[in-house]
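Colleague: If you're matching them up, the sequences are chains C and E in order. Going by this note's numbering, 85 is the number at position 85 of the first sequence; the sequence numbering is gapless. Going by this note's numbering, 217 is the number at position 104 of the second sequence; the sequence numbering is gapless.
Keep in mind that the hints were calculated from the coordinates and are not lab data. Hints are not guaranteed to be accurate.
Stated by the list, open to error - In silico DSS-like links for lysine-lysine, alpha-carbon gap of 25 Å or less:
(1) E:K157 - C:K3
(2) E:K135 - C:K41
(3) C:K112 - E:K154
(4) C:K56 - C:K17
(5) E:K149 - C:K108
(6) C:K108 - E:K153
(7) E:K154 - C:K41
(8) E:K157 - C:K105
(9) E:K149 - C:K3
(10) E:K135 - E:K180
(11) E:K132 - E:K180
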Amino acid sequence: ELKVEQNPLFLSMQEGKNYTIYCNYSTTSDRLYWYRQDPGKSLESLFVLLSNGAVKQEGRLMASLDTKARLSTLHITAAVHDLSATYFCAVDGMWGSQGNLIFGKGTKLSVKP
Amino acid sequence: DTAVSQTPKYLVTQMGNDKSIKCEQNLGHDTMYWYKQDSKKFLKIMFSYNNKELIINETVPNRFSPKSPDKAHLNLHINSLELGDSAVYFCASSQVTSGFSYNEQFFGPGTRLTVL
Numbered sequence: 001e002l003k004v005e006q007n008p009l010f011l012s013m014q015e016g017k018n019y020t021i022y023c024n025y026s027t028t029s030d031r032l033y034w035y036r037q038d039p040g041k042s043l044e045s046l047f048v049l050l051s052n053g054a055v056k057q058e059g060r061l062m063a064s065l066d067t068k069a070r071l072s073t074l075h076i077t078a079a080v081h082d083l084s085a086t087y088f089c090a091v092d093g094m095w096g097s098q099g100n101l102i103f104g105k106g107t108k109l110s111v112k113p
Numbered sequence: 114d115t116a117v118s119q120t121p122k123y124l125v126t127q128m129g130n131d132k133s134i135k136c137e138q139n140l141g142h143d144t145m146y147w148y149k150q151d152s153k154k155f156l157k158i159m160f161s162y163n164n165k166e167l168i169i170n171e172t173v174p175n176r177f178s179p180k181s182p183d184k185a186h187l188n189l190h191i192n193s194l195e196l197g198d199s200a201v202y203f204c205a206s207s208q209v210t211s212g213f214s215y216n217e218q219f220f221g222p223g224t225r226l227t228v229l
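Here chain C stands alone, though its shape is the one from the complex (with noise of 0.2 Å):
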């Protein structure tokens, strides 16, 4: 069965601070992808990783993939409350890039003044 796991699941951050999400799969995939989700409403997609040691970083958020390890991390970097939301990470199905995605049961990052 293919698994993904985030954690933490719950993260309350004070603002200037940093932090990074972890997210471990069970599949051989060497992509990976990652979505925010804020309060009642949709995902919007972050990043997507295509290989192993790729890296992507938009302002204070950087995520990284490691296919060896099977493990992504989403690196946050002198947190501000807009980044408040839930983060999911997500990898293909079994079928592959022509199918579902799998996804993490999310981070919910809370960033405090």
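Assemble the complex: chain C is given as a structure, and chain E must be docked to it using the hints.
Modeller: This is chain E only, laid out in the frame that chain C set:
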């Protein structure tokens, strides 16, 4: 010019009723999906259609019946609604042919279904 749209946004109904949710995408994608997000925010695939053809049908009660009249539309009809069907249903789309090597999916705004 919303990329993936769903109607309705909210749906409140009684147990036993039949209801439909509609989804449209204007991204020109060839594949569309229905996901269910439960109260704990867990997202799970229900169905997937590629060019109007059903390609994924997860273990979902047969009270749920998807229908794709064309590759830009994917509807979900639910018969005999039960309390446990209460959730947020998301439609998504992606382009999985024409040489794409990854499956970035774009999600609609969701339909919050409440069964009383």
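Colleague: Decide if the proposed pair is consistent with the structure: K135 of chain E and K41 of chain C, CA atoms, cutoff 25 Å inclusive.
Modeller: 17 Å, holds
Colleague: Check whether the Cα positions of K56 of chain C and K17 of chain C lie no farther apart than 25 Å.
Modeller: Satisfied, since the Cα-Cα distance of roughly 20 Å is no more than 25 Å.
Colleague: Is the hinted pair K108 of chain C and K153 of chain E satisfied, with a Cα-Cα distance of at most 25 Å?
Modeller: This hinted pair holds, its Cα atoms lying about 11 Å apart.
Colleague: Is K135 of chain E within 25 Å of K180 of chain E, Cα to Cα?
Modeller: 10 Å, holds
Colleague: For the pair supplied as a hint, K112 of chain C and K154 of chain E, is the alpha-carbon distance within the 25 Å limit?
Modeller: With a Cα-Cα distance of about 22 Å, the restraint between K112 of chain C and K154 of chain E holds, given a limit of 25 Å.
Colleague: Would the pair K149 of chain E and K108 of chain C pass a check requiring their Cα atoms to be no farther apart than 25 Å?
Modeller: 18 Å, holds
Colleague: With a cut-off of 25 Å on the C-alpha distance, tell me whether K154 of chain E and K41 of chain C pass.
Modeller: 12 Å, holds
Colleague: Quick one, are K149 of chain E and K3 of chain C close enough, alpha carbons at most 25 Å?
Modeller: Cα-Cα ~17 Å, so holds.
Colleague: Is it true that the CA of K132 of chain E sits at most 25 Å from the CA of K180 of chain E?
Modeller: 13 Å, holds
Colleague: With the threshold set at 25 Å, check whether the alpha-carbon distance from K157 of chain E to K105 of chain C stays at or below it.
Modeller: Answer holds: K157 of chain E to K105 of chain C is near 10 Å, not above 25 Å.
Colleague: Quick one, are K157 of chain E and K3 of chain C close enough, alpha carbons at most 25 Å?
Modeller: Holds: K157 of chain E and K3 of chain C sit about 12 Å apart, inside 25 Å.
Going down the numbered hints, you'll see the structure goes against none, and every one checks out.
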